[in-house]
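Asker: The primary structure of each chain is shown beneath.
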Amino acid sequence: MERLEDQIRRLIIETLNLEDVSMQDIDEDEPLFGDGLGLDSIDALEIGIEIQKVFGVKIDSSDENLASYFSSVKELARFVARQQGPAT
Amino acid sequence: MSAVKPCVVIPTYHHVSALDGIVSGLRAQGLPVIIVDDGNEPGDARLIAGVCAAHDGVELLRRDFNGGKGAAVLDGIERAEARGFTHVLQIDADGQHDLARAADLLRLASAHPTALVIGEPVYDETVPRSRRLARWITHIWVSINTASFRILDSMCGFRVYPIAATLAISRSVRIAQRMAFDTEILVRLVWRGVDVITFPVPVTYPPGNYSNFAMWDDNLRLSGMHAKLFFLMLTRLPFLLFSRIRARRRSSRHWAAIGERGSYVGLWILGAVYKFFGRRICLVALAPIVFFFFLTGAEQRRGSLLYLRRAHEAGFVPQVPDLFLSFRHFLTFASSAIDKLAAWTGKIPASAVYGVDEGEFDRAKKRDQGAVIFTAHLGNPEVLRAIATLRFRWRVNVLVHTANAVRFNRLVNEFSGSSTVRVIQVTDVGPDTAILLQEAVANGDWVVMAGDRIPVTGNERISWVPFLGKLAPFPQGPHILAGLLKCPVHLLFCLREGAHHRIYFERFAERVELPRKGRNEAISASVARYAERLESHLRIAPLQWFNFFDFWHPAGLKPPEPAGRSGEQ
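Chains Y and D, in that order, give the protein sequences. Mapping to our numbering: the first sequence position 11 is 11, numbers consecutive. Mapping to our numbering: the second sequence position 543 is 543, numbers consecutive.
Please note: incorrect hints may appear among the correct ones.
Chain Y is faced by these chain D residues, among others (derived, beta-carbon under 8 Å) [what the hints assert, rightly or not]:
no.	residue
1	ALA350
2	VAL353
3	GLN438
4	LEU484
5	LEU514
6	ARG516
7	ARG519
Treat the hints as calculated values from the structure; they're not laboratory data. Just so we're clear, the structure is a prediction, and the values are computed from it rather than from any experiment. C-beta: ideal position from N, C-alpha, C; glycine also.
Modelling step: build the complete structure from the supplied sequences, incorporating the hints.
Answerer: Dropping the structure here:
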């Protein structure tokens, strides 16, 4: 089974059609938005939609910590894992 | 865990046949029940007592004399308070309410313990051909503001009362004791600042059912109550109807900061006047009220005059704007409120709306395809919606406090599965709401948004584009959302033309493209085109522009300085 982090990296590239970006280009700890990959809040929304669809998790837009979940691939993976509950 | 402790109160007078079934259903849900025997004759009283004895957890309150529904409910609520309950779910004894919804209403009550939760009847006669035409109203009506007030079916007796607030009222004023009770207590609660949350509930009329609503008597009492409330309202005018009252600060406030709850009650009472006296009298009755707001609403007056001047310069308004024209602008707004009421009470026949079965609108509604619809605070799109809704007797209302998006989103999340109308504040769209909308569009639903009010959060996501000759801020949100939803976008306006309303509907874009490169420019171009189309419809009915604030500098916003001059004072 592919690592969650890799699944998320692939999802980001496919969702946003980042043609000139490969999976290796996305550092797990690197900020996704602003400086790092340079994505904006519309991209975040698109990624959020895909994440919900693919992983069956719920992202609550009134959650105050929303920004921190989207800060890096690693954080996103942690968020998804937590939402999905303990691994079975 | 919430501290809400609910029980059920069932006032009974003559209705005994359905009682046992209702009580069984409620006890199966573990709800404590108080049945109020409202002075029934010995025969019925015995039957009621028998039902009570046959179930655990059911208390019987017997009134020696028939005092009417209000008296019976209040007795029940008093008793519930004495037993330590915090909320009362009121259910009519005639079996017309779907008990399966009781849990939904109570869930809402425990999420919003200070609110009054009302079941909003949905007369669910599924007309197959309604699938096609009702599509356009569909399951979602997204609006920043247009949907913020609705006329509730204030007589629906399926509701959850917060006991403390209700008794505070009943102990300080005399409330109608009979059928007018349901309505009056609702209005009084709203006046006290209690939020009203509605939830759609299916209503069926069981065969052989008759109503205790005594045609003449109760109608007389209702008019009496309406008259009473109307005069009381006059004393509360400053907080009702327009409610966009004097700004404390000089700068023009953000529209969302100007409360709209008052307008709901004002509209409701206006509805009563309309119902009994008709449109003309309603307008006459309204004129002094509008005049009052015209005098005291300096900010709105300034907003109106500013707009009229711009419209005049653009050649839309021939006469030079003066206070008289501004007053007419106010009156037009008031009469649009009446149109809303008329539409919702079924007083506007479909034949009075032109364009329902014509042109692009007809084609679009026949196409089984999801779409985004942009509208604006121009004219009265609600008229159209009400008519289509009533045409199929399919009616669902959500009362939304627009500024309170968090609470509202919670509501949406809680009930996204069962509610048939969802109103979502566009400024607050996150991944959760976006996905909800995406599913809706995939279902062929239409998502309607007003594109002329900027988000509460201020400077972000605004495009400054030409509007009536000067740069004005428009929200990017609707365009971004339309882009994310990847579906066709239409423009919809409904303008009053003489005694009729006319639908204006046109294709806005096959897709709003959001390319990664030059995204902001693409969005701004879309916004600019919206403003341009809006302007060209404004020309048709310049007085039906219902943004009564400084549209070009809301909340003191200024257009961005041209590059290189930003340091200048």
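Asker: For a quick check of understanding: which of the numbered hints are violated here, in increasing order?
Answerer: Violated hints (numbers, rising): 1, 2; every other hint is consistent with the structure.
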